[in-house]
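There are 2 protein chains.
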Amino acid sequence: MIVARFHHNLTLFSSPPPPSIKSKRLRPPVVSSMSSSPPRPFLEFPYLSASHRNLMFSLFSSIETRLAPDLLPSSLPPDVQYFESATGSSKGTLDILEGKEGSKVDFILGSWIHCDLPTGSSLDITTLFAFLSTATDAPHLLLEFIQSSPTSLILIIDLLPRKDLVLHPEYLQTFYESTQLEKQRQSLSKLSEVKPFLSSSLYIRSVLSPTALSISINCGSEEGARRLEELVEGHLNGVAKQIVQIWLDGCACGEEREVGEDERRVLIKRDNLVKRKAVEIDLAANLPRLFGEEIAGRVVAAIQKVFGV
Amino acid sequence: MIVARFHHNLTLFSSPPPPSIKSKRLRPPVVSSMSSSPPRPFLEFPYLSASHRNLMFSLFSSIETRLAPDLLPSSLPPDVQYFESATGSSKGTLDILEGKEGSKVDFILGSWIHCDLPTGSSLDITTLFAFLSTATDAPHLLLEFIQSSPTSLILIIDLLPRKDLVLHPEYLQTFYESTQLEKQRQSLSKLSEVKPFLSSSLYIRSVLSPTALSISINCGSEEGARRLEELVEGHLNGVAKQIVQIWLDGCACGEEREVGEDERRVLIKRDNLVKRKAVEIDLAANLPRLFGEEIAGRVVAAIQKVFGV
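Residue numbers (the numbering used here), protein chains in the order written: chain A, -2 to 306; chain B, -2 to 306.
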């Protein structure tokens, strides 16, 4: 949810609240979590199209499966794992798995939000942060998919640099140039329905890498929904999986990286700033409008606790 | 010239050299430099269209006039101030004014290159770096205009951050958010002829700020040349002047900035990396192809001397 910060939502959501919409009952989870732990609402994605849901599920599963040995079970209370607004028009889930002490994983945070908009359409935002610990300085992973109509999709997939790339060209070389991430970005960017997407927050723009896939896909009206499905299945699917694979192989499970004491201090400061800004720019600014102060407060507090900020 | 790095040029210039083209004789300079010093070929811009030339001249003059008290006279030898290839198909100028000891100016570097291409069209690249010293940590200024046909133009105008913006949100606030540079970027970006331009070098992308105006303008064929002139006069002119004014007021001549010893060390390292990469990525890679080894070597050496790298 970090990158969303849609100004147009400000307008949509400052309109009078829509008439209460009966919540779709959440279907049974399509997957139980890694072990025999309780159902996880996050993994259901009940509001996405089939191709979009399959992609999301596949991405998150591949990360969880690969990092399983490093992860602790979720400790979030049920009312933070799933929450909805008083009117029922906004629904949200949060799923956080923290890394074990000493592992390379700080946490994996997954979330989706579904909102029925006053306009009759709906907004779906699905987010994944996979943050690494200071046992490594390798990039974090960010995925965000924002869909506000059946024919359009905004998406951001990036390996977030944890160092100043201008001051550390060798870091740029290791994680961005030699991994050929630019090829992945280009293969989607060349499609005629695709345009670059720039966050309205200059801080968020600064956080992204030079190979960030940050695009909006617009397939027009009517026939567009089918075309969008095709693009998700035929193009996005492969690119997103490749990028996640590059992150898993080269960052989360890559070669050991030596992190000196001074470096670690800067890394902690930088990581904390990114987390604090994510909460400040996005969550604290948007969640209360969607879910009311009380629920938003509870969810933000749970995130802040894991973020340590 | 830093940002150009056109891969298509690699193809153009690796073709057999074009038949020698008689050099246009350089007209008398339209301006003498600040004092009664010798003519400066750089300030002539003989190959640009009227609106483009006027804009360039105006931008460079406004910077030189404002910073005059801090500048030393040019000490470049004539064969570096103006140079052309053996065949005469490539011509170039370089103009460097270094800042006085203790001033906030490191140097101002201006340059243009004109090449008659084997295709019959020509390529014009005009560049300005205005780099500040470590008496301040305020951003440098970069302007680059690349024209490879009468109907299209690529341009990059940016205040180059001298700090990691993720680690220094207050720096982002001071120089980028509160100066509303984003408005300038947006006012050009919304034109239908304008598309974002991404350098092929990931390092150059990393050097740019989140409000960098980095665009290509394409006005199609035939009628396009007139439309491009209109855009340069009616839109680009105002935006470019505004950005340069923001830089002059807020950076080169802005409030004093305290730079501690540790900070200064990082600043020197970062500035030097940017300069070294600029030479490596762009000049050392492209100038020999355009002007031959000997001339390119002379020009690059003069730049390296001023860069101190």
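Don't take each hint at face value.
A pair holds if it fits inside one copy or across any two, identical chains being indistinguishable in the list.
Derived DSSO-like pairs: lysine-lysine, alpha-carbon spacing no greater than 27 Å straight-line [to be verified]: (1) Lys266 with Lys97; (2) Lys97 with Lys160; (3) Lys160 with Lys266; (4) Lys302 with Lys160; (5) Lys180 with Lys302.
It should be emphasised that the hints constitute simulated quantities derived from the structure, not laboratory data.
Because the structure is a prediction, the values reported are computed rather than measured.
Results of checking the hints against the structure:
1. Lys266 with Lys97: Only inside one copy: Lys266 and Lys97 sit 21 Å apart there, 37 Å across copies, limit 27 Å.
2. Lys97 with Lys160: Result: close within a single copy only, 24 Å intra versus 33 Å inter.
3. Lys160 with Lys266: both (11 Å within a copy, 15 Å between copies)
4. Lys302 with Lys160: within (24 Å within a copy, 29 Å between copies)
5. Lys180 with Lys302: For Lys180 and Lys302, neither the intra-copy (37 Å) nor the inter-copy (36 Å) Cα distance is at most 27 Å.
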